[in-house]
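Colleague: Residues per chain, in single letters:
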Amino acid sequence: MLKQTIENLGNSTIQSVWRIGFAVRFFAVMLLHSGTAFRRFGLTIREMYFTGVLSLIIILVSGLFVGMVLGLQGYETLQRYGSESALGTLVALSLVRELGPVLAGLLFASRAGSAITAEIGLMKATEQLSAMEMMAVDPIARVVAPRFWAGVISMPLLAALFSALGIFGGYLVGVQLIGVDEGSFWSQMQNSVDFELDILNGVIKSVVFGVAITTIALFEGYDAPPTAEGVSGATTRTVVTSSLAVLALDFVLTAFMFRGLS
Amino acid sequence: MNKTVLDLWVGLFVIAGIVALLFLALKVGSTSAIKTNDSYEVVAHFDNIGGLKPRAPVKSAGVVVGRVADIRFDNETFEAAVTLRLDKRYAFPKDTSAAIMTSGLLGEQYIGLEAGGDSQKLKDKDKILITQSAVVLENLIGQLIYSKAQEGAP
Chain A
1 MLKQTIENLG NSTIQSVWRI GFAVRFFAVM LLHSGTAFRR FGLTIREMYF TGVLSLIIIL
61 VSGLFVGMVL GLQGYETLQR YGSESALGTL VALSLVRELG PVLAGLLFAS RAGSAITAEI
121 GLMKATEQLS AMEMMAVDPI ARVVAPRFWA GVISMPLLAA LFSALGIFGG YLVGVQLIGV
181 DEGSFWSQMQ NSVDFELDIL NGVIKSVVFG VAITTIALFE GYDAPPTAEG VSGATTRTVV
241 TSSLAVLALD FVLTAFMFRG LS
Chain B
1001 MNKTVLDLWV GLFVIAGIVA LLFLALKVGS TSAIKTNDSY EVVAHFDNIG GLKPRAPVKS
1061 AGVVVGRVAD IRFDNETFEA AVTLRLDKRY AFPKDTSAAI MTSGLLGEQY IGLEAGGDSQ
1121 KLKDKDKILI TQSAVVLENL IGQLIYSKAQ EGAP
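Line order of the protein sequences matches chains A and B.
Be aware that the first sequence starts at 1, since it is given in this note's numbering, and climbs by one per residue.
Be aware that the second sequence starts at 1001, since it is given in this note's numbering, and climbs by one per residue.
So here's chain B without its partners, still in its complex pose (with noise of 0.2 angstroms):
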């Protein structure tokens, strides 16, 4: 085999085999994970989370704003400590409330924020106040049956 010829093949699948890395990277997937340094991070404290998992979208407008970088227990008002780590681009004003919501009846769970009117804006290690549980389905039903029950005994 001619040694140029072998270089060139080589080189011909080098290149292919990057071609098929960028077209992985570029075309198949997605960065969702926002670097540390063009983010910045609120605590929403919630009753409930119901099913809501760590890297889970953080949602305004349907638009994805950040990601659920932290779930924890916290143990002195037994609520769940939820860190969201949101897109520097993104600013919200101080009194944004955030809610616990499902995509579709069975979708994964994500967290939806309501922009407030304040003119002052959240900054980084900042608390979300107004905040609203994951709606538990069984609840719901149980609630249902519940007041069905009362209408029909007189």
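Isolated chain A (complex conformation) (with noise of 0.2 angstroms):
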């Protein structure tokens, strides 16, 4: 009984650490096999098609959103203590380091990570991949690399803009329909938003989150086993793994980068 528990335990630490090091692997055979992907740069284009412009719809509509219910909550609070001309401060800042990276992260693994899983699944499972092997391609710098650059390339783009996006909601919730100053609203936000600090660390979170969206979606895709079951499986893991990997990756590079700061 308790060696049946321990030898369990063993077992499952195994299997983990054998997975870890096969994505590090695959990692690193990706990055290896990229040359591909830059020769052929149609082959990323189109992929940038399935995993930027498909999840513009998405990005724009919610950054939109999230700008206007920041515009409309930081009111709101702000207007409490008399400082509602802080608005622009408190939304250009909150979506630039924070909310802007991590949601369009969230948006993008469930809406591309999943579907290049799925993807990738399908064609394992219909052996289309031992196809290309067969053809003498490499089904790595075919069809994986393409999609690992086009979600790194994508990943800052739509993050900038859904931050962009949602500054324009706060503006128009705020000045707009509020009536918040135009000119406090514009120029508090210039002075308390920094080029370097703050949005330049925004686009490196953002290239960090897609190398990890994308890694962890192409290798559930890759590992998943050859069943219809193992497909849905592996993108529900997907969805969980990437999206648990934005926000911890989030909290990693925030204190990293804002540390010692007031």
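Honestly, the hints are just simulated from the structure, not real lab data.
Heads up, some of the hints might be wrong.
Claimed, not checked - Where chain A lies over chain B, by a calculated footprint (3+ residues, C-beta under 8 angstroms):
no., region
1, 1004-1017
2, 1043-1050
Stated by the list, open to error - On the chain A side, residues computed to face chain B include the following (Cβ under 7 angstroms):
no., residue
3, Gly52
4, Leu54
5, Gly183
6, Met189
7, Val193
8, Ile199
As the list claims (entries may be wrong) - Which residues of chain A face chain B? A partial, calculated answer using Cβ under 8 angstroms:
no., residue
9, Ile6
10, Phe22
11, Leu43
12, Arg46
13, Leu56
14, Ala92
15, Leu157
16, Ala160
17, Leu161
18, Gln190
19, Asp194
20, Asp198
Quantities reported herein were computed from a predicted structural model and do not represent experimental measurements.
We treat Cβ as the ideally placed atom computed from N, Cα and C, and that holds for glycine.
Mind docking these for me? Both chains are given alone in their own frames, and the hints should help you get the complex.
Modeller: The following block contains the structure:
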């Protein structure tokens, strides 16, 4: 009984360590075989259409609404202290530093990440990847690497669009609807948002999230058991794991970037 | 999907993303960090810096002319050594005085520079000699209570 439990624990530990090792090797091989993704950039552009352009609608609409809600709630709180002119600062800093990269990452994981996993998993289940290998076409270089680079390029652009639309939404609600002074809205925002410290760090965050999400999605698809059940399980794991990875990485990056600032 | 239509959409997406980044960089943010080659550093010693922090603005006549680059404790004079990085476009006389001020009652603290009348200008690594420490609100209240108590007890 006890021996059985310990055996189970040991087995699951070995399994998970093996899986992590496989994921790291997969990542390294993917980077090494990235040449094709740049030499035949058309492949990457095609994938950018599916991961980036088709995610645009959900990113833009969510960004607009998040910014509008921030404008309303921020105004409600700030006007109690008579400092509603700081609304621009509140909206811009929270979007550029945190909400833009994180929410765009979460949406990207569920919109594009799940699609990547399902596609690759199904390619594996229907033995398309094996067929490619038979034809001496490297599936990592032909299928996996273009999707990886497309995700890494798309993610910061999507996060920037999310932040920009969010700030526009905050402007719509704060200035146009409620009537906060337009001049102080923009000037207070410009005074407190620093290009290197806030905007560049936000971009770095979104690039890191892009790498994490696409790597997890591609690996889960590549590693999925070649059955209908296996593909569906892998898709679920992609969304769960990459969302958790985004939130955990966000904490780590924030701790490094904004530590020691008051 | 037609290849040219696909290329067009991706191109539009990339352009939109770059426009969003430019919007964030130009309209939302500002580069407050003055580059090292366009600036010079001067040191000012204060008895007490209060709540002054690195990157706090340095203002003269209310205009931001630089930033606080570094704050250290000088173990020989037992004073705070504050390094100010000033914009090279603005030159100040040698007898300029520096004071730590607060914007509003509870606002952030900044350094105010009051230009003097010397014909020589401050250069890199110079020292500002005339300084005025931060006003610590608690001390001020303490003094007020003390002086009131003195009045009350004849």
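Colleague: Taking the hints in turn, state whether each one holds.
Modeller: Evaluated hints:
With 9 residues carrying a beta carbon less than 8 angstroms from a beta carbon of chain A, the region 1004-1017 of chain B meets the three-residue requirement, and the given coverage holds. Given a C-beta distance limit of less than 8 angstroms, the hint that chain A covers the region 1043-1050 of chain B is violated, as 0 residues qualify and 3 are needed. Annotation: interface hint on Gly52 (chain A) holds; nearest CB of chain B at approximately 5 angstroms, less than 7 angstroms. With 7 angstroms as the threshold, the beta carbon of Leu54 (chain A) stays out of range of chain B, its nearest partner Cβ sitting at about 9 angstroms, so the hint is violated.
Contact between Gly183 (chain A) and chain B, as hinted, is not supported at the beta carbon level, the nearest pair being about 13 angstroms apart and thus beyond 7 angstroms. Checking Met189 (chain A) against chain B by beta carbon gives a least distance of about 6 angstroms; that is within 7 angstroms, so the hint holds. Below 7 angstroms, beta-carbon pairs count as interface contacts, and Val193 (chain A) has one with chain B at about 4 angstroms; its hint therefore holds. A cut of 7 angstroms between beta carbons decides the hint on Ile199 (chain A): the least distance to chain B is about 5 angstroms, and the hint holds.
Annotation: interface hint on Ile6 (chain A) violated; nearest CB of chain B at approximately 52 angstroms, more than 8 angstroms. For Phe22 (chain A), the interface hint is violated, the least distance from its beta-carbon to any beta-carbon of chain B being 32 angstroms, above 8 angstroms. For the restraint placing Leu43 (chain A) at the interface with chain B, the shortest Cβ-Cβ distance is roughly 11 angstroms, beyond the 8 angstroms limit, so the hint is violated. Hint status for Arg46 (chain A): holds, given a least beta-carbon distance of 6 angstroms to chain B, under 8 angstroms.
Residue-level restraint check for Leu56 (chain A) holds (minimum Cβ-Cβ distance to chain B is 6 angstroms; threshold 8 angstroms). Given the 8 angstroms rule on beta carbons, the hint for Ala92 (chain A) holds: about 5 angstroms separates it from the nearest Cβ of chain B. The interface hint given for Leu157 (chain A) is met, as the beta carbon of that residue sits about 3 angstroms from the closest beta carbon of chain B, less than 8 angstroms. At a threshold of 8 angstroms, the smallest CB-CB gap from Ala160 (chain A) to chain B is about 4 angstroms, leaving the interface hint in force.
Residue-level restraint check for Leu161 (chain A) holds (minimum Cβ-Cβ distance to chain B is 5 angstroms; threshold 8 angstroms). Here the hint on Gln190 (chain A) is kept, as its CB sits about 5 angstroms from the closest CB of chain B, short of 8 angstroms. Taken as an interface hint, Asp194 (chain A) checks out: its beta carbon lies about 5 angstroms from the nearest beta carbon of chain B, inside 8 angstroms. Interface restraint check: Asp198 (chain A) against chain B, minimum CB-CB distance 6 angstroms, threshold 8 angstroms, status holds.
Comparing the model with each numbered hint stated earlier shows that hints 2, 4, 5, 9, 10 and 11 do not hold.
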